[in-house]
Amino acid sequence: MPSTPPDPSDPEPQAPLAPGDDECCGNGCDPCIFDFYAIERERFLKEHKAWQDRQAARTAKD
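Numbering-wise, the sequence shown is residues 1 to 62 according to UniProt numbering.
Please note that the accuracy of each hint is not assured.
Claimed, not checked - DEER-style ranges, computed between Cβ atoms:
(1) ASP30 x ALA60: 43 to 49 Å
(2) ALA60 x ASN27: 29 to 35 Å
(3) ALA18 x ALA56: 43 to 49 Å
(4) CYS25 x ALA60: 45 to 51 Å
(5) GLY28 x ALA56: 18 to 24 Å
(6) PRO5 x ILE33: 35 to 41 Å
(7) GLU23 x HIS48: 19 to 25 Å
No lab work stands behind these hints: they were computed from the structure. No residue lacks a Cβ here, since even glycine has one placed at the ideal position from N, Cα and C.
Start from the sequences, fold in the hints, and give me the full structure.
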């Protein structure tokens, strides 16, 4: 049974790039670049889970 290809109108969310250790200035910024990354990563994980659920629903229909 062939798998259903991804829907081109619903692309898979892309994970944010983690900052390198050398990208933090070390001055105790609030928020720090790592804080921004953590927020973006959490958003990505939620969006990716929702995308996976939509893909599973599409596959189940076929």
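Structure-based check of all given hints:
no., hint, verdict
1, ASP30 x ALA60: 43 to 49 Å, "45 Å, holds"
2, ALA60 x ASN27: 29 to 35 Å, "51 Å, violated"
3, ALA18 x ALA56: 43 to 49 Å, "27 Å, violated"
4, CYS25 x ALA60: 45 to 51 Å, "48 Å, holds"
5, GLY28 x ALA56: 18 to 24 Å, "43 Å, violated"
6, PRO5 x ILE33: 35 to 41 Å, "37 Å, holds"
7, GLU23 x HIS48: 19 to 25 Å, "24 Å, holds"
Of the hints listed earlier, those the structure fails to meet are numbers 2, 3 and 5, in rising order.
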